[in-house]
Amino acid sequence: SPGSVLVFTTPRRVGLQWDEFADGSMHRAVSLNLPENFPLPVWLKLVRRGDRFTGSVSLDGEHWEIQFETTAVRDVADAVDVGLAAGSNDGKPHSVKFSEFSLQTEVSR
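With the numbering used here, the residue at position 47 of the sequence shown is 47, and numbering never jumps.
Using C-beta positions, here's what the derived DEER-type ranges look like:
#: 1; residue 1: His63; residue 2: Arg12; range: 16 to 26 Å
#: 2; residue 1: Lys92; residue 2: Arg49; range: 31 to 41 Å
#: 3; residue 1: Asn33; residue 2: Glu69; range: 13 to 23 Å
#: 4; residue 1: Phe98; residue 2: Met26; range: 14 to 24 Å
In short, the hints are calculated from the structure, not lab data. These numbers come from a predicted model, not from an experiment. Backbone N, C-alpha and C fix where the C-beta goes; we use that ideal spot for every residue, glycine too.
Taking the hints into account, I'd like the entire structure generated from these sequences.
The following block contains the structure:
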């Protein structure tokens, strides 16, 4: 969808991707490698302020550190769809467990 944004994790990486050109494809990404001894699982948070988004990471769901920020996301709708997804880039099926998903909305003008 035009204006899409996602925060993601792989076994040793976290990042943020977004549709930089409002054409429905994820063109822009920022990410960082996690240290080998980094405790898993991690918590992820995506926050929107106007047409910009931040992606944060936490080890406990209470103490957050902002890791990534988008530039202005073109054509992002006022109301957006929110959800969870899992994918595999090695062609093999994998299992994933999502827990404690929450959605908080605040309208600021």
